[in-house]
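Asks: Each chain is listed here by its residues.
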Amino acid sequence: MGLLIFLLKAYIVFLILVLLLYTIRHYTFTLNRALGKQRLYYQDVLDEDLPTVSVLVPMHNEEKVARHILDLLVASDYPKEKLEIIPINDHSTDRTKEILEEYAQKYPFIRPLHRYGDLPRGKQNGLNDALKIAKGEVIIVYDADYLPPKGQIRILAVAFKDPQVGAVMGRVVPINAEKNLLTRLLDIERAGGYQVDQQARYNLNLIPQYGGTVGGFRKDLVMKLGGFDARILAEDTELTYKLYLNGYKVAYANIAECYEEAPESWNVRARQLRRWSRGHNQVMFKYFIPTILSKKLNFWQKVDGLLLLAIYMQTFLIFLGLLDSLLLFFLGEMEITSSYLFLLFMFAHNSFGNFAPFFEIGTALVLDGAKQKVFLLPLMFFEFIFNIIYASLGLFDALIDLITKRTIIWQKTERFRNA
Amino acid sequence: MKSMASRQAYSKIFEVEKPVVGYARFGRVLRFNKYLFMLQLIFLVVVFEFLVIFFLEDYFRVLSHITRRILEDSYTGSYKFLSFKLEYSIPQGRLPTLQESFIYLLVSSLSLLFLLSKFNRLSKYISAWLIYIVFVYFVSSFYFVFFLGSFPYTERDFAVLYILQQTGVFLFIPILLAFSLSIFTFSWLNPLLNAITIALSLTYSSVFGGLRYIVFAYTLKNFSYIHMPAMFFIFGPLLDFIYIVSFYSLCLYMTIKLFQRRQEGFYQWGF
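In order, the protein sequence lines correspond to chains A and B. According to my numbering, the first sequence is numbered sequentially starting from 2. According to my numbering, the second sequence is numbered sequentially starting from 860.
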């Protein structure tokens, strides 16, 4: 019994240390973004010698949104002789195919890729096939629900003038933020994630993440690195680590804002979160050791890389902490080594993890000048247990994937927009 | 060649239009005065921690007195925390009967089954919270059904744990809020606004914490210890966190409101 109690207490101390590490990380990022010198993106590079670009738009039953994104891509100011658009129709059973063919007939630079039959479904598989036919030096990817503004392809593509840049990422802003509580909460989370987190990582030369949409990468480089792993759901996170471990970097373009459609129902959000967590944890299993051993990353990049890899694991650790503390409670061992540590223990693990994410999101809203949205901060407690459950389920999925090597089936996020 | 009048008119237009341009959100940072930052950080932490420490004994003495008045037959004791003698009053609690525990176990098991079943039509975020609450009660009732005699706490232990928890909340509020709010240094109004926020949070915490203690003590007396885990793991620091974040967001709102009146005064390019 003594050993069990020691282990349970040791775990709580470990959890406090992990949360403290994430707290320091969040505070550092927030202070850097709010007050520090910002790293310039490449938007001021004026060069007519632009790279050829292939815009890939993975689609599975996207009849509600397909026309919107295609219309906006057609309206792009990128020179048409250097642009091709490849909508990837991945086993659609609705009118997506007809819509794409209609656009292909009207615009010669739209060349749809239809995937049916025995071809395996999934974004990563579709991207791999599209890379084989894409003619552009640079690949820009948009999910089908995104609404890219006119000049965005140029802003994203110009980053590749820097030979060190392997991928580029823009800022995601929900267009349907006013729809309900969930979309509002996702909107402020995105603000924290992009306005503060991504920009600070870019400023500090750490690991800004390529997010798989509103972003792009060098085609030849990704082909050389073996394309996308079909067994990994988070192809974006995987590419980020692949690039950094091979000496390339990801540029973050805070100026390149693009609207997306955030999930409007908690069921859809639960599936999305579980899928993200599963994919992210798959990447963690694959890249944790290589990140530690890498000779291409400096010390702080390794620290940031490892913390980023474990981000979805954190919620599971808090879940274990809750179970652990319940056990300690019934064992009469609420005081961890001394009364003073007990204060920390109760406050650290039982209070949403920690205060730092609220600081990060709050600061992002101040930088955005979003006055009304700050009142949503306390409502984020609604997501606390929800996130713990679905992120933990995603971790279990990833563990089963690792053990059984089973085939991954991609689950698309449902769209809510009216066609 | 432009006349003097037209040049003046041009520059006047320019002067009028300049503030309207504003700093785009992708590259702006907050105007920052590091001296004011350090000054207000030290001031807010030191002053409010001093106030907390100064009033700590008095607060628990008053709370003990009120508890004794409201809940009769209370035991009065004290707990030594650092050099402070923190007084508490607590009425005698009672263990749940086996029948009572069994009913809680049955209800929580059935509720868990329902919440996890496909018949559950509640929204997932509400379900998630209900699962957590019901799970805490499931573990608690399970314990009291099978290990009733081993329950390690008395009502006095509860009082001491509560005192420690509440002290933790009091000590953390100035640190959490001062660190998060001191970055606003665009005006001398900021330290004032931030101080008001911390003062409001502490005041709310002392009233809420006191009321909660009395409700908990009443529950332990009139119901049973079966609710004790919920007092720490559901209605404990989790609730404190919500109002702390609420006061933080209120302060942010007021700050942005001040910002938006004089936009040129608080943003600057970050490059």
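By construction, these hints were calculated from the structure, which means they are not laboratory data. Treat the numbers as computed from the prediction; the structure is a model and nothing was measured. Mixed in with the good hints there might be a few duds.
[Said to hold, decoys possible] List of simulated lysine to any residue pairs, SDA-like, C-alpha gap at most 25 Å: (1) A:Lys-406 to A:Lys-372; (2) A:Lys-133 to A:Arg-185; (3) B:Lys-939 to B:Phe-1067; (4) A:Lys-303 to A:Leu-51; (5) B:Lys-1116 to B:Lys-977; (6) B:Lys-1080 to B:Lys-983; (7) A:Lys-38 to B:Tyr-1102; (8) A:Lys-406 to A:Asp-45; (9) A:Lys-413 to B:Ser-976; (10) A:Lys-10 to B:Gly-1008; (11) A:Lys-372 to B:Lys-977; (12) B:Lys-1080 to A:Glu-334; (13) A:Lys-372 to B:Ser-976; (14) B:Lys-983 to A:Phe-417; (15) B:Lys-983 to A:Glu-334; (16) A:Lys-180 to A:Lys-413; (17) A:Lys-65 to A:Lys-10; (18) A:Lys-303 to A:Lys-81; (19) A:Lys-81 to A:Arg-68; (20) B:Lys-977 to A:Ile-17; (21) B:Lys-983 to A:Lys-372; (22) A:Lys-38 to B:Phe-896; (23) A:Lys-413 to A:Gln-302; (24) A:Lys-10 to B:Leu-1023; (25) A:Lys-225 to A:Lys-10; (26) B:Lys-977 to A:Lys-225.
[To be verified] Partner residues aside, some chain B positions facing chain A, computed with beta carbon under 10 Å: (27) Thr-1044; (28) Trp-1047; (29) Leu-1048; (30) Gly-1068; (31) Tyr-1102; (32) Leu-1111.
Every residue gets a Cβ at the ideal spot worked out from N, C-alpha and C, and that includes glycine.
Asks: Evaluate each hint against the coordinates.
Replies: Status of the hints after comparison with the structure:
1. A:Lys-406 to A:Lys-372: Roughly 48 Å between the alpha carbons, so the hint for Lys-406 (chain A) and Lys-372 (chain A) is violated.
2. A:Lys-133 to A:Arg-185: 39 Å, violated
3. B:Lys-939 to B:Phe-1067: Satisfied, since the Cα-Cα distance of roughly 23 Å is no more than 25 Å.
4. A:Lys-303 to A:Leu-51: 33 Å, violated
5. B:Lys-1116 to B:Lys-977: 46 Å, violated
6. B:Lys-1080 to B:Lys-983: Measuring from Cα to Cα gives roughly 35 Å; hence the hint is violated.
7. A:Lys-38 to B:Tyr-1102: Roughly 33 Å between the alpha carbons, so the hint for Lys-38 (chain A) and Tyr-1102 (chain B) is violated.
8. A:Lys-406 to A:Asp-45: Since the Cα atoms of Lys-406 (chain A) and Asp-45 (chain A) sit roughly 46 Å apart, the hinted pair is violated (cutoff 25 Å).
9. A:Lys-413 to B:Ser-976: 24 Å, holds
10. A:Lys-10 to B:Gly-1008: 24 Å, holds
11. A:Lys-372 to B:Lys-977: 40 Å, violated
12. B:Lys-1080 to A:Glu-334: Distance ~23 Å between Lys-1080 (chain B) and Glu-334 (chain A) Cα, so the pair holds.
13. A:Lys-372 to B:Ser-976: 40 Å, violated
14. B:Lys-983 to A:Phe-417: Holds - the C-alpha atoms of Phe-417 (chain A) and Lys-983 (chain B) are around 18 Å apart, at most 25 Å.
15. B:Lys-983 to A:Glu-334: 33 Å, violated
16. A:Lys-180 to A:Lys-413: Distance of about 21 Å is within 25 Å: holds.
17. A:Lys-65 to A:Lys-10: The given pair, whose Cα atoms are some 53 Å apart, is violated under the 25 Å limit.
18. A:Lys-303 to A:Lys-81: 41 Å, violated
19. A:Lys-81 to A:Arg-68: 19 Å, holds
20. B:Lys-977 to A:Ile-17: Given pair Lys-977 (chain B), Ile-17 (chain A) is violated - Cα atoms ~36 Å apart, limit 25 Å.
21. B:Lys-983 to A:Lys-372: Violated, at roughly 28 Å.
22. A:Lys-38 to B:Phe-896: OK: Lys-38 (chain A) and Phe-896 (chain B) at ~17 Å, within 25 Å.
23. A:Lys-413 to A:Gln-302: Violated - the C-alpha atoms of Gln-302 (chain A) and Lys-413 (chain A) are around 32 Å apart, more than 25 Å.
24. A:Lys-10 to B:Leu-1023: 18 Å, holds
25. A:Lys-225 to A:Lys-10: Judged against 25 Å, a Cα distance of about 48 Å means the pair is violated.
26. B:Lys-977 to A:Lys-225: Cα-Cα ~47 Å, so violated.
27. Thr-1044: 9 Å, holds
28. Trp-1047: 18 Å, violated
29. Leu-1048: 15 Å, violated
30. Gly-1068: At 13 Å from the nearest chain A Cβ, Gly-1068 (chain B) fails the 10 Å test, so the hint is violated.
31. Tyr-1102: Nearest chain A Cβ about 8 Å off; hint holds.
32. Leu-1111: 4 Å, holds
Taken one by one, the earlier hints fail for this structure at numbers 1, 2, 4, 5, 6, 7, 8, 11, 13, 15, 17, 18, 20, 21, 23, 25, 26, 28, 29 and 30, listed in ascending order.
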